[in-house]
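Asker: If you want the building blocks of each chain, they are given just below.
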Amino acid sequence: MFTSLSLLIVGIAGLAAASLFLFGLLRMSSPVTAPSGIRVAGLGMAVAVAASFLYAFSASAAARPHLATNVGLAVVALCIGGGLAWWSGRTVAMTSMPQMVALYNGMGGGAAAAIAAVELLGAKAQAGTVLAATLMGALIGAVSLSGSLIAWAKLDGVIQQPLRVKGQQVLNGLVMLATLALGAYIVAATSAGGWALPLGLAHLVYIFFGGALAFGVLMTLPIGGADMPVVISIYNAFTGLAVGLEGYVLQNPALMIAGMVVGAAGMLLTLLMARAMNRSVGNVVFTNFGAAPKRKQGAVKGSLKPIAPGDAGIAMRYAASVIIVPGYGLAVAQGQQKLYEFVQLLQAAGVGVKFAVHPVAGRMPGQMDVLLAEAGVPYDLIFQLDDINGEFAHTDIALVIGANDVVNPAARSDKSSPIFGMPILNADQAKRVFVVKRGEGKGYAGIVNALFYGDNCNMVYGDAQAVLVKMIEAVKSLGLPAAA
Amino acid sequence: MDFPLNVTGLVALYIFMLAGFAGWVIIGRVPAILHTPLMSGSNFVHGIVVVGGLYALLNASTLQQQVIGFLAVLLGAGNAAGGYAVTDRMLAMFRASGHKAPGKKAGHVKALRTKKP
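For the record, the sequence lines run as chains Y and U. Heads up, the first sequence is in numbering that gives the first Met the number 0, so the first residue is 0 and it goes up one at a time. Heads up, the second sequence is in numbering that gives the first Met the number 0, so the first residue is 0 and it goes up one at a time.
For the record, the hints were derived by calculation from the structure and aren't laboratory data. Using N, Cα and C, we set each Cβ at its ideal position, and we do this for glycine too. Some clues are possibly wrong.
As the list claims (entries may be wrong) - Interface residues of chain Y toward chain U, partial, derived using beta-carbon atoms under 8 Å: (1) Leu-14; (2) Ser-18; (3) Gly-109; (4) Leu-130; (5) Ala-131; (6) Val-242; (7) Ala-392.
What the hints assert, rightly or not - For each label pair, taking beta carbons as the anchor points, the in silico distance ranges come out as: (8) Y:Ser-35 x U:Gln-63: 40 to 46 Å; (9) Y:Gly-351 x U:Tyr-13: 31 to 37 Å; (10) U:Gly-27 x Y:Val-75: 38 to 44 Å; (11) Y:Val-157 x U:Val-10: 25 to 31 Å.
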């Protein structure tokens, strides 16, 4: 009686948690309501975690003698895991957010895989669909764990270069197929009942996990830094699916719903990112990420025309409208604060300033928006590609700072260009364009940017932050309106 | 008195299907400017896996199961707590024009005020 009552409470808490998650995510549809959204979801999590200690009352007979130890271990694990992650999440720099999210994501995948391992290695009889779901969840969770860890290492600079070897795709495919085949064999052998397993179930499960972990590593190693938005989205979806599958195994609908919602969200973001990079998801999953095709292109007419930072700054001071296109180079130079300082000077002088952000600016979806928000830029000044692209044509000056491929007009016009068809910001249509750039080098895709050679374009060479300091000085020296 | 909660094969597919659509529709409404908090927020949501970890640990009867179960709770708790911490922090930074105070303190972003002084 007490057992079933405690399970009922756990069930109701799970239901409450699932509803609160959905409601919280719903409130994320606007920056105004989003902060309350995450709190609502947090409340759901607290309820679900607190209630799950009631599982103690329904523990299996075999686990009863260990119950006190297990509850103690659970509290310790919650405090250590939660405490460390909370502290790191509170202190991490905003520029390091992608690797942090990758790390937390890997933890979730690892947790799902660990749950599957307990189910598989425990004597709990599993067969057929449930066993298949457990193995599938284990596979996806383990891939997400090792893949996310590699993504973290790459984003954090622990691994510097994409690692590519010949025949890598074949190797990846073989590891994947072998792991899947082993999983299928385990299901078939256990379901048929009579088959003798050559190594014993435990050993097969170990090999299965080894294969899955190896695949996650192999899949992520060849990927270049600028492709990380896609990778992080994929692993987010993977962890969600793994959690959903383990929820089915544990007969816990809250896990199923939460996992599947995240799985769908991750899929959607993956598609959006792939589209913004002009690749199909198939291309992203089955070919080497970041192996940009290198093709000969027609020569670009015109020349690069440098301009001094101060002159560019003063030109913007006397413009009526300026659109700023920030790219990851701005974040690398840590120039966001200076940029907003400059923008405030322009605003004080009556210049209309807007920010235009490309979906893949940054190392995860929307990272540039967060970095601008951190620097103090109000969100109503930040515009996305579709909302602002029409405005460039009647804007006085476009300031491109730390961005390259996302403003390359070849994507619109040059069919031979590897980025042809990629959605770009039409900075070239502005009356005048300033491009802040460290040197004459090419962008990530390794192609020439016709924008830089346009008649309306001037290059401002230098480190983004140093350039902005000079622009601020130049505008301040005019001294007209009181500086903000 | 019994409260059975059995999710059998086909019912599970129904739940997955509905949750998948709900997630797709809800997430589709989120503007691109919030995609990073959305990602860390959905990352937080799959931290619910910690509940499964607690189930596994509380039902553990061997040392091996205890160790793996402990690991599951540890990782799941890290996922949930970390995801919440970063999402809350990021969302507190989004302000409309006219709100100058740097967002050290987490707080509601009030309704969009249009004019700055």
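Asker: For every hint, state whether the structure bears it out.
Answerer: Hints and how they fare:
At about 10 Å, the closest approach between the beta carbon of Leu-14 (chain Y) and any beta carbon in chain U exceeds 8 Å, and the interface hint on this residue is violated. Of the supplied interface hints, the one on Ser-18 (chain Y) is violated, with its beta-carbon coming no nearer than about 11 Å to a beta-carbon of chain U, more than 8 Å. The restraint placing Gly-109 (chain Y) at the interface with chain U holds, with a minimum CB-CB distance near 4 Å, inside the 8 Å limit. Checking Leu-130 (chain Y) against chain U: minimum C-beta separation of about 13 Å lies over 8 Å; hint violated.
Restraint check, Ala-131 (chain Y) versus chain U: the minimum CB separation of about 11 Å is more than 8 Å; hint violated. For the restraint placing Val-242 (chain Y) at the interface with chain U, the shortest Cβ-Cβ distance is roughly 5 Å, inside the 8 Å limit, so the hint holds. For Ala-392 (chain Y), the interface hint is violated, the least distance from its beta-carbon to any beta-carbon of chain U being 22 Å, above 8 Å. Roughly 43 Å separates the CB atoms of Ser-35 (chain Y) and Gln-63 (chain U), a value that falls within the hinted 40 to 46 Å.
A C-beta distance of roughly 52 Å is found between Gly-351 (chain Y) and Tyr-13 (chain U), which places it outside the suggested range of 31 to 37 Å. For the pair Gly-27 (chain U) and Val-75 (chain Y), the supplied restraint of 38 to 44 Å holds, since their beta-carbon distance comes to about 40 Å. Distance hint check: the CB atoms of Val-157 (chain Y) and Val-10 (chain U) are about 44 Å apart, inconsistent with the given range 25 to 31 Å.
The structure shown violates the earlier hints numbered 1, 2, 4, 5, 7, 9, 11.
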